[in-house]
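Asks: Required output: the full structure, derived from the provided sequences and hints.
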Amino acid sequence: MKDFMMIFVGKEYVDLGMSPEELQSRMEKWFAWGAKMEQAGILKGGEALTPQIRRITGKDRTVTDLTSAEVKEIVGGFYLIKAKDFDAVQEIAKDFPDYDLGNTVEIREIMIFDQ
Amino acid sequence: MEPKLIDHLFRHHSGKMVSVLTRIFGLQHLDIIEDAVQDTFIKASLSWRKEQPEYPEAWLTKAAKNRVLDIFRTLKAQKNNSLHITQGTDAIAINELFLDAEIEDAQLRMIFTACHPKLDPRDRISFALKTVSGFSIKEIASALLTKEETIKKRLLRARKAIKSANLQFNIPQGKDLQERLDSALEVLYLVFNEGFHSNSKDQLIREDLCGEALRLCKLLLNHQQTQFPECYALFALMCFHSARLEAKTNVNNEVLDLKQQDRSLWHLPLIQLGNSMMYKAVETGDFSGYHYEAAIAAEHLKAKTFEDTNWNKILHWYNQLYKLQPMPTHLLTMAVIKVQTKDYKTAKKYLNQLQPCDLEQRAYLYYAAKADYFAETKNFNEALIQIDWALQTVSNTSEKAYLIKKKACLLKK
Numbered sequence: 000m001k002d003f004m005m006i007f008v009g010k011e012y013v014d015l016g017m018s019p020e021e022l023q024s025r026m027e028k029w030f031a032w033g034a035k036m037e038q039a040g041i042l043k044g045g046e047a048l049t050p051q052i053r054r055i056t057g058k059d060r061t062v063t064d065l066t067s068a069e070v071k072e073i074v075g076g077f078y079l080i081k082a083k084d085f086d087a088v089q090e091i092a093k094d095f096p097d098y099d100l101g102n103t104v105e106i107r108e109i110m111i112f113d114q
Numbered sequence: 000m001e002p003k004l005i006d007h008l009f010r011h012h013s014g015k016m017v018s019v020l021t022r023i024f025g026l027q028h029l030d031i032i033e034d035a036v037q038d039t040f041i042k043a044s045l046s047w048r049k050e051q052p053e054y055p056e057a058w059l060t061k062a063a064k065n066r067v068l069d070i071f072r073t074l075k076a077q078k079n080n081s082l083h084i085t086q087g088t089d090a091i092a093i094n095e096l097f098l099d100a101e102i103e104d105a106q107l108r109m110i111f112t113a114c115h116p117k118l119d120p121r122d123r124i125s126f127a128l129k130t131v132s133g134f135s136i137k138e139i140a141s142a143l144l145t146k147e148e149t150i151k152k153r154l155l156r157a158r159k160a161i162k163s164a165n166l167q168f169n170i171p172q173g174k175d176l177q178e179r180l181d182s183a184l185e186v187l188y189l190v191f192n193e194g195f196h197s198n199s200k201d202q203l204i205r206e207d208l209c210g211e212a213l214r215l216c217k218l219l220l221n222h223q224q225t226q227f228p229e230c231y232a233l234f235a236l237m238c239f240h241s242a243r244l245e246a247k248t249n250v251n252n253e254v255l256d257l258k259q260q261d262r263s264l265w266h267l268p269l270i271q272l273g274n275s276m277m278y279k280a281v282e283t284g285d286f287s288g289y290h291y292e293a294a295i296a297a298e299h300l301k302a303k304t305f306e307d308t309n310w311n312k313i314l315h316w317y318n319q320l321y322k323l324q325p326m327p328t329h330l331l332t333m334a335v336i337k338v339q340t341k342d343y344k345t346a347k348k349y350l351n352q353l354q355p356c357d358l359e360q361r362a363y364l365y366y367a368a369k370a371d372y373f374a375e376t377k378n379f380n381e382a383l384i385q386i387d388w389a390l391q392t393v394s395n396t397s398e399k400a401y402l403i404k405k406k407a408c409l410l411k412k
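Chains as they are written, first to last, in numbering that gives the first Met the number 0: chain H, 0 to 114; chain G, 0 to 412.
Everything labelled a hint here was simulated from the structure, so no lab data went into it.
Where is the CB? At the ideal position from N, CA and C, for every residue including glycine.
Incorrect hints may appear among the rest.
Computed far set for chain H versus chain G, every beta-carbon distance over 10 Å [to be verified]:
#1 D2
#2 Q23
#3 E27
Restricting the straight-line Cα-Cα distance to at most 30 Å, the calculated cross-link-like pairs of lysine-lysine (BS3-like) are [said to hold, decoys possible]:
#4 H:K93 - G:K406
#5 G:K303 - G:K258
#6 G:K406 - H:K71
#7 H:K43 - G:K49
#8 H:K93 - G:K411
#9 G:K411 - G:K348
#10 H:K81 - H:K93
#11 H:K10 - G:K49
#12 H:K35 - G:K348
#13 H:K1 - H:K58
#14 G:K42 - H:K43
#15 H:K81 - G:K49
#16 G:K137 - H:K10
#17 G:K348 - G:K322
#18 G:K61 - H:K10
#19 H:K81 - G:K303
#20 H:K93 - G:K42
#21 G:K64 - H:K71
#22 H:K35 - G:K411
#23 H:K35 - G:K42
#24 G:K301 - H:K10
#25 G:K341 - G:K412
#26 G:K258 - G:K151
#27 G:K344 - G:K301
#28 G:K303 - H:K71
#29 G:K146 - H:K10
#30 H:K28 - G:K146
#31 G:K399 - G:K247
#32 H:K28 - G:K42
#33 G:K137 - H:K28
Replies: Printed below as a string of structure tokens:
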């Protein structure tokens, strides 16, 4: 088994003017997905991120403060899971609730450094 | 498996919290309040992904309390001089406003605001669905089969009317109460009818609207000041109609009339609830239109088959209703029942009292009823003339299809 990170990229709920009813139904899908991974014993962790961004860039270390509304895409959160390979994670990522919003899942393997 | 949340928890909680916060900050700050409440649900939807709280409702209420401070800060930052807390500023008083009974009280105030005569009747439903029921503009538009732009305009107009009339956020007292209650019940019944008679293909939206109307009516019944007989009667009426909601359409979303409905699909618990509400409604002997409408609906539900329908009783209730509300649609229904029971003389008497223009855009119902009358009395030529008139005036496509079928039957005679 290897460690993988699923990174969620796209639009934020706060910028989409969702109704309480829609928010609840999306959240329930997230619950179900999280519970499924937990039951399978593969979930190692995960976080949701706030829509505030402080970006530091270039040799002058230029600082810009942004919110999700000002950028095309934003990393909204991530899950850390255990799986056999990329294909297995791809299968798990099928349940990601926000594909219909145009949002994306990026699967990355956690690098192991040999001595 | 994680426990599933209560259906519509967020939606209902939204209405509750907007009402409580409005009680604290006043109707003039509704925009800021709605944004703050929306923010709570976004936060919940993100943080609950990781862990669902043991008591979701308590979590949401606490979050809304925290919003009180946020709103204070926002208003201060805007240097808003009109800020004054209506209920006293100390934290204890604010805490008390979040108790269940006070939340219901605040929601009632919101219902009475939404149904205020100063608001345009068309704007009342949209405003009620938004602020009391927590529907989004998109959801209201699809529920009412209207464009989102139109709903936006209606909401804007409602808010303007509230501001310019400087409406107070309270439950009307004394003489005002009766008049304002009539308007509130009317809005609830309209919301219900939008759901019950909707052509929307989406069964869920129809159920949501009917469910909302029942829920809001229940709020009125929970409050001592608003437990009027007509509230019980309207609640009973909506129970009786709701019991038939599932049986009302077939799999192709075609409307089925009482004759075609599968009566085994009628929902018994709702009928029983309606019956017990009816007992409460008739305690004083003061009958409203809702009483008679409920009595008529109950009579239909009592019949095991369409042929078992007790038309005489139904006609009796229609007569009472017509005395109270002399509306041409009631008279037309009475004529239809008379044709049904083969009392053609009285049917003709009723029909002669009506003009097609009395029924406005529903004139086709008048022509269709006349066609039935002539067909039953074997005057087929006249029946065909009436059907053609009906076809010329009908706009609803499913009604039109129904009339075309009828015409085909007549041509065979």
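Asks: Checked against the structure, which of the hints given earlier come out wrong?
Replies: 2, 3, 4, 6, 8, 12, 13, 19, 21, 22, 24, 26, 28
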